[in-house]
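Student: Spelled out, the chains give:
2 protein chains.
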Amino acid sequence: MNSIRIAVDAMGGDNGHEVVIKGAINAISASPVKIILIGDEKKIADALSKYKYNGDDIEILHASEEISMHDSPKKSVESKPNASVVVAARLVGEGKADALVSAGSTGSVVLSAAKYIPRISDVRRTAIATVFPTMNELKRDDFFSFLLDVGANIHCSAEELAQFAIMGSAYVSDVRGIPNPKVALLNIGEESSKGGDKMKEAYRILNNIKSLNFVGNIEGKDILRGVVDVIVTEGFVGNIVIKTLEGASKTVGRLGKLAFKTKISWKLGLFMLRKGINFVKKVTDYSEYGGAPLLGFEKMVIIAHGRSNAKAIGNAIKLAGKCVSDDVCGHISTNIHNFEREPEHEYTRLATKRYRSEN
Amino acid sequence: MNSIRIAVDAMGGDNGHEVVIKGAINAISASPVKIILIGDEKKIADALSKYKYNGDDIEILHASEEISMHDSPKKSVESKPNASVVVAARLVGEGKADALVSAGSTGSVVLSAAKYIPRISDVRRTAIATVFPTMNELKRDDFFSFLLDVGANIHCSAEELAQFAIMGSAYVSDVRGIPNPKVALLNIGEESSKGGDKMKEAYRILNNIKSLNFVGNIEGKDILRGVVDVIVTEGFVGNIVIKTLEGASKTVGRLGKLAFKTKISWKLGLFMLRKGINFVKKVTDYSEYGGAPLLGFEKMVIIAHGRSNAKAIGNAIKLAGKCVSDDVCGHISTNIHNFEREPEHEYTRLATKRYRSEN
Chain A
5 MNSIRIAVDA
15 MGGDNGHEVV
25 IKGAINAISA
35 SPVKIILIGD
45 EKKIADALSK
55 YKYNGDDIEI
65 LHASEEISMH
75 DSPKKSVESK
85 PNASVVVAAR
95 LVGEGKADAL
105 VSAGSTGSVV
115 LSAAKYIPRI
125 SDVRRTAIAT
135 VFPTMNELKR
145 DDFFSFLLDV
155 GANIHCSAEE
165 LAQFAIMGSA
175 YVSDVRGIPN
185 PKVALLNIGE
195 ESSKGGDKMK
205 EAYRILNNIK
215 SLNFVGNIEG
225 KDILRGVVDV
235 IVTEGFVGNI
245 VIKTLEGASK
255 TVGRLGKLAF
265 KTKISWKLGL
275 FMLRKGINFV
285 KKVTDYSEYG
295 GAPLLGFEKM
305 VIIAHGRSNA
315 KAIGNAIKLA
325 GKCVSDDVCG
335 HISTNIHNFE
345 REPEHEYTRL
355 ATKRYRSEN
Chain B
5 MNSIRIAVDA
15 MGGDNGHEVV
25 IKGAINAISA
35 SPVKIILIGD
45 EKKIADALSK
55 YKYNGDDIEI
65 LHASEEISMH
75 DSPKKSVESK
85 PNASVVVAAR
95 LVGEGKADAL
105 VSAGSTGSVV
115 LSAAKYIPRI
125 SDVRRTAIAT
135 VFPTMNELKR
145 DDFFSFLLDV
155 GANIHCSAEE
165 LAQFAIMGSA
175 YVSDVRGIPN
185 PKVALLNIGE
195 ESSKGGDKMK
205 EAYRILNNIK
215 SLNFVGNIEG
225 KDILRGVVDV
235 IVTEGFVGNI
245 VIKTLEGASK
255 TVGRLGKLAF
265 KTKISWKLGL
275 FMLRKGINFV
285 KKVTDYSEYG
295 GAPLLGFEKM
305 VIIAHGRSNA
315 KAIGNAIKLA
325 GKCVSDDVCG
335 HISTNIHNFE
345 REPEHEYTRL
355 ATKRYRSEN
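Chains as they are written, first to last, in the working numbering: chain A, 5 to 363; chain B, 5 to 363.
Read the hints as simulated data drawn from the structure, not as lab findings. Certain hints may be false.
Any copy, or any two copies together, can satisfy a pair, since identical chains are not distinguished.
Cut-off 25 Å, straight-line C-alpha distance, at most; resulting in silico cross-link-like pairs (BS3-like, lysine-lysine) [claimed, not checked]: (1) LYS100 <-> LYS84; (2) LYS198 <-> LYS100; (3) LYS225 <-> LYS254; (4) LYS202 <-> LYS79; (5) LYS38 <-> LYS315; (6) LYS225 <-> LYS78; (7) LYS326 <-> LYS47; (8) LYS225 <-> LYS204; (9) LYS254 <-> LYS100; (10) LYS214 <-> LYS38; (11) LYS46 <-> LYS225; (12) LYS84 <-> LYS198; (13) LYS78 <-> LYS202; (14) LYS198 <-> LYS78; (15) LYS38 <-> LYS56.
One chain only, chain A, in its complex shape:
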């Protein structure tokens, strides 16, 4: 039974539609999902003709336009109603598919989703999350941590940070199968008094949510240690952190070249380093590990990295399928609903309204 239907933006990503289609073929061979490929009908059919697959598993939906990585997301989503990512989001919003996967630009996916897929009631802000490999000091079965928000919002209120924590915890609990994920707030010190009024308030709220395993603040130096499962921060900070890590990963690979040019005596060491560099790059290239979920919508949205290869696209589709079968969105909805209905948070809601009207 292919009861789960995934809308896949066939035209998104840096590597062209053929890579996306190869990824879709990978996914249906390993996962009980039905895929709707959205984009240029002829191009998709041509690419599909290279593969043998069960015709019931893949459907094509024509979309006459595309949004490239260089287009302004805001203008394009408004002016191109037939762009593949927009059509895909509309399909999901109309209930004709259960989840959306796109390797298009983050902005175009976020805005298309926001336009057509309803937000979960009581969710104030959606958030982009990302997974990245860590030293796994928690000794989990895998070695990832989960960071949100990494850019859907620039700044947000203390209560919105608390909602991110609830959403991230529900996602990690379902998808990674960790019953009571450890959640931390990213801050400039471990003490609850650190980081200014908003962070202090976020700490206080999080500490009072009984259903959440909040372990306190962590600092930048702890991010890669893997001491918690979910790290919560504002989009401005999360975006800079994740890109700093991306840059650090690249730097490890490029340090070799630098040293080659500067000191003869390092040559031998660097030659020996080559294998190690490839290993480090592999571990730190988080684009391999599925995609970044966009949390807070009634349907699951997965943003695959623009550079995704077929394997990464396949992983993103499988991830979307797992999210649907685990009912991640339903659990987020229940937990956010419970949080908002606790009398303790009544005054916090008022404070958030005040914050919104002032900012």
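Assemble chain B onto chain A, guided by the hints.
Tutor: Just chain B, lined up with the frame of chain A:
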């Protein structure tokens, strides 16, 4: 002529007073400075007795108390007027020394300086800066970038960010001898429209400062590339970024152990990696490179890393001496003064006042 007098907190740092004193001995042998060692007179004299040096170059000033790394900086600076770092800051504030060097806790150095050393007139907020090694894409003679603020302030206004840019540029221009340092704002995108109202305003102000070589926004992934000389950000973000890099540097070293445990087939690669890892650690261990300047005071303050060894302490003292002889504080004062007197910024000053009264 030992005309430059550096007050050195002999009791600060994780490694004890003997390391600080060894660092001081290193510094006087290489730099025309006179050092005043502040702390427990007997302990200092005992440690000094191991070395041969010109007695005119080193003086001891007794301070009966200490502030440890674990003490609350705020409470300690208030309650221990005879702590070595407090006495050292007072000495500098009274004009009896030209600069302060301490490897004590950042908080205790910042608060002691703030209590006794006047801020440069028109400087709204002092900032902690840090240097870190990069890929040096600018092809400078050394391969460092300069990031501020990394934690003296949590949040600040657009104009305060502009002042940080001016202070950082003056420092880098003097100390590294780069005539027109490239300055960038750390943001979530390169476009001037990114990052919310405050970042847009900071971009606009910086772009209008004719004496500044402002090159625009850079993202997290560009930090380690070394495409600019000075990176400006709020203390909350700067602190998290620098600690994330510190954590990434440690992780590179520790990945080896992780892999050893998980896969036999990696053993050979990791054995080969060993030399490379040591190289990467050396390059990324920015604690070797002098200390973090605290900018905005009338006298130079250098915070050496708590883990400093004698070499790092010596470098911090030499750096302080160079700052005094280059008159870094004088140049910061002139440039901030000129900035504040430009009629263009009149309305910005009013906006900052409004921001202050609201936050």
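Student: The structure should be examined with respect to each hint, and the outcome stated for every one.
Tutor: Hints, verified against the model:
For the identical chains of this complex, LYS100 and LYS84 are intra-copy neighbours only, at 21 Å inside a copy versus 70 Å across copies, given an alpha-carbon limit of 25 Å. In this homomeric assembly, LYS198 and LYS100 never come within 25 Å of each other (Cα to Cα): the closest approach is 47 Å inside a single copy and 35 Å across copies. For the identical chains of this complex, LYS225 and LYS254 are neighbours both inside a copy (18 Å) and across copies (9 Å), given an alpha-carbon limit of 25 Å. Proximity of LYS202 and LYS79 under a CA criterion of 25 Å is satisfied inter-copy only: 23 Å between copies versus 33 Å inside one chain copy.
Taking CA atoms no more than 25 Å apart as the test, LYS38 paired with LYS315 passes inside one copy only; the shortest distance there is 18 Å, against 64 Å between copies. Proximity of LYS225 to LYS78 under the C-alpha cut-off of 25 Å is restricted to the inter-copy arrangement: shortest distance 23 Å between copies versus 35 Å within a copy. In this assembly of identical chains, LYS326 and LYS47 lie within 25 Å of each other by CA distance neither inside one copy nor across copies; the values are 28 Å within and 65 Å between. In this homomeric assembly, LYS225 and LYS204 come within 25 Å of each other (Cα to Cα) only inside a single copy, at 20 Å, whereas the closest approach across copies is 29 Å.
Proximity of LYS254 and LYS100 under a CA criterion of 25 Å is satisfied in neither setting, with 40 Å inside one chain copy and 48 Å between copies. Neither within a single protomer nor between protomers do LYS214 and LYS38 lie at most 25 Å apart by alpha-carbon distance, with minima of 38 Å and 59 Å respectively. For the identical chains of this complex, LYS46 and LYS225 are neighbours neither inside a copy (50 Å) nor across copies (38 Å), given an alpha-carbon limit of 25 Å. Taking the shortest Cα distances, LYS84 and LYS198 sit within 25 Å of each other only across copies (23 Å), while inside one copy they are farther apart (46 Å).
Taking the shortest Cα distances, LYS78 and LYS202 sit within 25 Å of each other only across copies (21 Å), while inside one copy they are farther apart (30 Å). Taking CA atoms no more than 25 Å apart as the test, LYS198 paired with LYS78 passes between copies only; the shortest distance there is 13 Å, against 36 Å inside one copy. Taking the closest pair of Cα atoms, LYS38 and LYS56 come within 25 Å of each other only inside a single copy of the chain (15 Å); across copies the shortest separation is 81 Å, beyond that limit.
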